Amino acid sequence: MDDLKGKVAIVGIGEVPSGRFPEREPIVSAVASARQAIIDAGIKKEEIDAVIPTAALWSPQYNTELVCCRIVEELGLCGKARMNFQVFSGGSSCCNMLKTAAGLILLGLARSVLCVHSDRLGTGVTGQGGIDLFSTAGISKEWEAPYGLHYSAIAGLITQRYVYETGTTEEQLASVCVSNRKWAELNPNAMFRKPLTIEEVMASKMLSTPLRAKESNVLADGGAAFLVTSAERARKLTDRPVYLLGEGSRVTHFALSQEPDMTRFAWAEAAEEAYRKAGLSPEDIDVAEIYDSYPVFQLIGLEELGFCKRGEAGAFVYAGNTWPGGKLPMTTNGGMLSQGHTGAGGGVALMVEAARQLMGKAGERQVSGARFAVVTATGGTYMDSYVTILGTEIP
Amino acid sequence: MNKILEGKYAVTMDMYPLQGKEFNRIYPFYEFLKEGRLTTTACRDCGKKAFPPRVVCPECLSENLEWVDLPTRGKVLVVTEEEVGVPLGFETPLIHALIDLGGELTLFSRVVNVKQGELKEGDEVKLTVFPVDPVSVEGKKGAVNLQERVFFAFEKA
Ligand SMILES: [Zn+2]
Chain A
26 MDDLKGKVAI VGIGEVPSGR FPEREPIVSA VASARQAIID AGIKKEEIDA
76 VIPTAALWSP QYNTELVCCR IVEELGLCGK ARMNFQVFSG GSSCCNMLKT
126 AAGLILLGLA RSVLCVHSDR LGTGVTGQGG IDLFSTAGIS KEWEAPYGLH
176 YSAIAGLITQ RYVYETGTTE EQLASVCVSN RKWAELNPNA MFRKPLTIEE
226 VMASKMLSTP LRAKESNVLA DGGAAFLVTS AERARKLTDR PVYLLGEGSR
276 VTHFALSQEP DMTRFAWAEA AEEAYRKAGL SPEDIDVAEI YDSYPVFQLI
326 GLEELGFCKR GEAGAFVYAG NTWPGGKLPM TTNGGMLSQG HTGAGGGVAL
376 MVEAARQLMG KAGERQVSGA RFAVVTATGG TYMDSYVTIL GTEIP
Chain B
9 MNKILEGKYA VTMDMYPLQG KEFNRIYPFY EFLKEGRLTT TACRDCGKKA
59 FPPRVVCPEC LSENLEWVDL PTRGKVLVVT EEEVGVPLGF ETPLIHALID
109 LGGELTLFSR VVNVKQGELK EGDEVKLTVF PVDPVSVEGK KGAVNLQERV
159 FFAFEKA
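As given, the protein sequences belong to chains A and B, one line each in that order. Note that our numbering has the first sequence beginning at 26, numbered continuously upward. Note that our numbering has the second sequence beginning at 9, numbered continuously upward.
Just so you know, these hints were derived from the structure itself, not from any lab. Among the hints, a few may not be true.
What the hints assert, rightly or not - Just the calculated beta-carbon pair ranges, DEER-fashion:
{"no.": "1", "chain 1": "A", "residue 1": "Glu50", "chain 2": "B", "residue 2": "Lys56", "range": "48 to 56 Å"}
{"no.": "2", "chain 1": "B", "residue 1": "Glu99", "chain 2": "A", "residue 2": "Lys166", "range": "18 to 26 Å"}
{"no.": "3", "chain 1": "B", "residue 1": "Val158", "chain 2": "A", "residue 2": "Arg60", "range": "51 to 59 Å"}
{"no.": "4", "chain 1": "A", "residue 1": "Gly133", "chain 2": "B", "residue 2": "Lys56", "range": "37 to 45 Å"}
{"no.": "5", "chain 1": "A", "residue 1": "Val276", "chain 2": "B", "residue 2": "Arg45", "range": "25 to 33 Å"}
{"no.": "6", "chain 1": "B", "residue 1": "Ala165", "chain 2": "A", "residue 2": "Glu50", "range": "50 to 58 Å"}
{"no.": "7", "chain 1": "B", "residue 1": "Lys128", "chain 2": "A", "residue 2": "Thr89", "range": "42 to 50 Å"}
{"no.": "8", "chain 1": "A", "residue 1": "Arg335", "chain 2": "B", "residue 2": "Lys83", "range": "22 to 30 Å"}
{"no.": "9", "chain 1": "B", "residue 1": "Lys128", "chain 2": "A", "residue 2": "Thr222", "range": "25 to 33 Å"}
{"no.": "10", "chain 1": "B", "residue 1": "Glu126", "chain 2": "A", "residue 2": "Glu99", "range": "50 to 58 Å"}
{"no.": "11", "chain 1": "A", "residue 1": "Gly304", "chain 2": "B", "residue 2": "Arg45", "range": "51 to 59 Å"}
{"no.": "12", "chain 1": "A", "residue 1": "Arg260", "chain 2": "B", "residue 2": "Arg33", "range": "50 to 58 Å"}
Owing to the predicted nature of the structure, the values given are computational and were not obtained by experimental measurement. Glycine included, every Cβ here is placed at the ideal spot set by N, Cα and C.
Input sequences plus hints: build the corresponding full structure.
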């Protein structure tokens, strides 16, 4: 099925603050987010016939509860919901949740689909436990994990290569973190909201050359949800449905060494597909929710999605173009670098933020008149490239 | 068991693959590694040489594979020096590199016996094999056998 354009829409969003909340069990994050999304959409909860919880990493037991319909029961949908199943591809789960929801709705298998995420990576794992988790999860057990490399070493290697090929400076890389922080300062759900300077980023301790501590995401507890329904139903619920206009994606590798170009990945192919389906080009995009986790990935995203020429994204961000008030607002929730890394939720938060901006509900950080947004997401060791285009109009 | 992990985990984290015949489909890789050879699988039907070693040819899906040698010398493409935040059982700094093995394939590896700041793009490196923590395996009548294990990295050529 190639033509999803304008057939389904996000009509409700919900999110709890990211950070360290030992008293807030992850089921609370999930249910509170889902409740917000249902109220936001203004539908009767009984209209939800499919629930898609993505995976939580911190506890297999909690994850099994999600698989075994706990959210359906908590929301009083037992006997009414027709299906509950997990869609999970790490950081890119948000795009697969939306695609799956769209497919179910288009085929008439579901009317309204609730997509939910919650996790407890901030207080559910110890400091060393978090390092161990992110030195093994999605990293080849046989070929890469035995070297003791954490995701920051993987990102360090990619950053090193990107710098080597493009001449991007340390200041320019640091400015990506500053851009994200400027948005997070305006985001009540962000973990880090204190202003950050390029000097502070560059003075922070080295993790894995050339990547520094303040250039790394920080693990957090969090939850978010979005509700998807048909375009017809959406138009009855709201005058600003957030339509799915186009999507494109490629899976490139499992083991990072098998990625043919670790400074590009398949973003260009995925973006070309998404723009073509949406009938839009980079100039039409008002908000770019580019998946971060580390700053280099936002620079690669800006270039491969056609917002900047190769090697020019660093200067583009450094000049303030992606900050509040800039010409291309980017990662407007602060991303995982500032809002916090909640596992698969890093991508879900970006999807929710794109919808929030298009609905005009982004408060102090609202991008005025935003009509079209792009969301990117990737999972594992950057194993896949997903691009989704949303809009309040069908071009 | 890795001594550094004792008492720290209810379930011990083991960063190395099991290498015995009874646990691992590609056990010959480790047998060859003990001889100082770096090997992989090639397809007898279509000729495709794959890395990492496979059980099915990713080109034609044939199961008719054979073990072939890879170059043991290569050139460094990118380096990162991991200074903090490594998993339990490892000590910093860890020096990682992406290595071009004679134009045949790109491989991710650690580079050992080198100090921080010494390794750079273009440096020649060669394979080195070393023992890692053996794993205890239950034998007959409750006997516990220690299974030797090795792993590989590269060092300056
Ligand atoms: Zn073959």
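Results of checking the hints against the structure:
1. Glu50(A) / Lys56(B): 48 to 56 Å: 50 Å, holds
2. Glu99(B) / Lys166(A): 18 to 26 Å: 21 Å, holds
3. Val158(B) / Arg60(A): 51 to 59 Å: 54 Å, holds
4. Gly133(A) / Lys56(B): 37 to 45 Å: 43 Å, holds
5. Val276(A) / Arg45(B): 25 to 33 Å: About 32 Å separates the Cβ atoms of Val276(A) and Arg45(B), which means 25 to 33 Å holds.
6. Ala165(B) / Glu50(A): 50 to 58 Å: 54 Å, holds
7. Lys128(B) / Thr89(A): 42 to 50 Å: 48 Å, holds
8. Arg335(A) / Lys83(B): 22 to 30 Å: 24 Å, holds
9. Lys128(B) / Thr222(A): 25 to 33 Å: 31 Å, holds
10. Glu126(B) / Glu99(A): 50 to 58 Å: This hint holds: roughly 56 Å between Cβ atoms.
11. Gly304(A) / Arg45(B): 51 to 59 Å: 55 Å, holds
12. Arg260(A) / Arg33(B): 50 to 58 Å: 54 Å, holds
In terms of the numbered hints stated before, the structure departs from none.
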